[in-house]
Amino acid sequence: MTMKYRDLINKGFIVSLTLVTIIWIWKLSFFPILQLRTLVIAAIAYLVWAFMYHYMDKSLTLSIFIEYLLTAVLAIILLTGVLLG
Amino acid sequence: MGKRLRQICYTKSMVLHNWFLPHKDTHNKAHLISWQALFFYVCLFIFLQVGFSIISYTKPGVLGISANLENLDQKKIIELTNTERQKLGLSPVSENEELDKAASAKADNMFTENYWAHFAPSGKSPWDFILGAGYRFTFAGENLAKNFYSSDDVVKAWMNSPSHRENLLNSKYKDIGIAVKMGVLNGQNTVLVVQEFGTTQNIANKPAVNVSGKQVAVPNEDFSKPVLFASVSQYNLNTKPLLDPYLFFKYAGISLVSFMVLLLAVDILVLYKRGVLRISSHYMAHMSILSISAVSIITSHQGSIL
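Respectively, the protein sequence lines represent chains H and V. Sequential numbering from 50 applies to the first sequence in this note's numbering. Sequential numbering from 18 applies to the second sequence in this note's numbering.
Hint data in this document are derived by calculation from the structure and do not stem from the laboratory. Note that the coordinates shown come from a computational prediction; the quantities given were computed from them, not determined experimentally. Note that CB positions come from ideal geometry on N, CA and C, so glycine has one too. Please note that a few of the clues may not be correct.
[To be verified] So the derived label-pair ranges between C-beta atoms look like this:
no. : chain 1 : residue 1 : chain 2 : residue 2 : range
1   : V       : Lys-20    : H       : Asp-56    : 43 to 51 Å
2   : H       : Leu-133   : V       : Glu-114   : 33 to 41 Å
3   : H       : Asp-56    : V       : Phe-136   : 50 to 58 Å
Let's have the full structure, built from the sequences with the hints guiding it.
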């Protein structure tokens with residue numbers, strides 16, 4: 050697989066994940082628990098993608114993975130605060 | 018002396034610079050979006066959430082919604098319900114005093130037993146309240162809403178949910194009862210809206226209650242139970258809470274996410290100007306999860322339905 054093709058797949062995946070999740074979260078705006086579940090699923094997908102992307106790119110380091118992990122955790126914590134107060 | 022001062026000023030400005038902009042030599046991210054900063058933000062928000070839970074537990078009513086009950090009007094909810102029914106050619110439901118009492122008793126019971134559900138922890142069912150108020154139904158239903166600011170939002174939320182919508186637009190119902198109450202639930206000031214529907218007309222099936230989209234058959238012996246609620250305690254609070262955790266976390270969350278997106282954008286711009294940028298999926302992924310987070314915070318409603 051060429052570098053350019055792989056990059057296109059990566060970007061396509063991220064854009065699709067973002068759009069689908071945003072639409073789904075917007076549709077579930079009156080269902081806090083389902084909204085939170087959707088965000089958790091998106092965060093897991095984001096982490097799996099990050100692991101695969103950096104592994105294949107040979108740039109996977111602990112600090113990079115921690116950065117992704119903390120960003121995902123922060124997104125969940127922020128929504129938890131809003132929904133559960 | 019002047020040279021030394023200039024050196025100190027330069028060093029200090031570079032230190033400050035590194036908090037907001039990528040490092041001029043290593044091109045490492047700004048400190049405020051480094052993993053150490055992310056760790057700090059996570060800990061800070063966990064600390065705030067735990068702190069608010071402790072306050073809710075130790076000082077009930079200090080935190081919570083500060084809704085104006087004038088915007089949550091019983092009559093308006095009935096009017097909006099009938100508007101939705103009439104759009105589909107259904108007959109309007111009329112306000113029934115017994116169902117009003119049942120709704121009021123249900124709301125009070127949720128505050129007393131501290132629960133947010135159709136069935137109480139003590140085992141009381143929705144029909145216990147309806148029968149307890151003296152309404153001998155053949156078919157009934159219940160919709161619940163929590164922490165909404167206006168009657169329009171409550172009805173809109175019910176209409177957006179298939180099971181609540183089905184209840185609201187059920188052609189069998191002839192009567193309606195509504196209660197809007199403010200009290201302390203789980204240590205926080207909470208506004209509850211209870212909507213009870215019913216009919217006393219003879220229908221072919223056994224008496225049933227529509228709860229969360231499921232029809233639950235009511236045992237015959239429940240109809241012979243004595244009236245449960247001789248007196249109804251009042252839970253309408255006049256005191257306003259000091260802080261609404263929902264609004265606090267909403268504004269704090271949006272501010273933090275916007276700040277991080279801004280720093281990431283600056284990072285991209287600076288690296289681009291330095292000629293060392295490769296627009297990688299790495300940046301896109303961070304922007305993606307941050308935008309999903311922002312949208313989820315913005316679109317989330319304080320109100321929930323059951």
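Status of each hint after checking the structure:
Against the hinted window of 43 to 51 Å, the Cβ-Cβ separation of Lys-20/V and Asp-56/H comes to about 49 Å, which satisfies the hint. Between Leu-133/H and Glu-114/V the beta carbons are some 37 Å apart, a value that agrees with the proposed interval 33 to 41 Å. Remark: the range hint 50 to 58 Å for Asp-56/H to Phe-136/V is upheld by a beta-carbon distance near 54 Å.
In this structure, none of the earlier numbered hints is contradicted; all agree with it.
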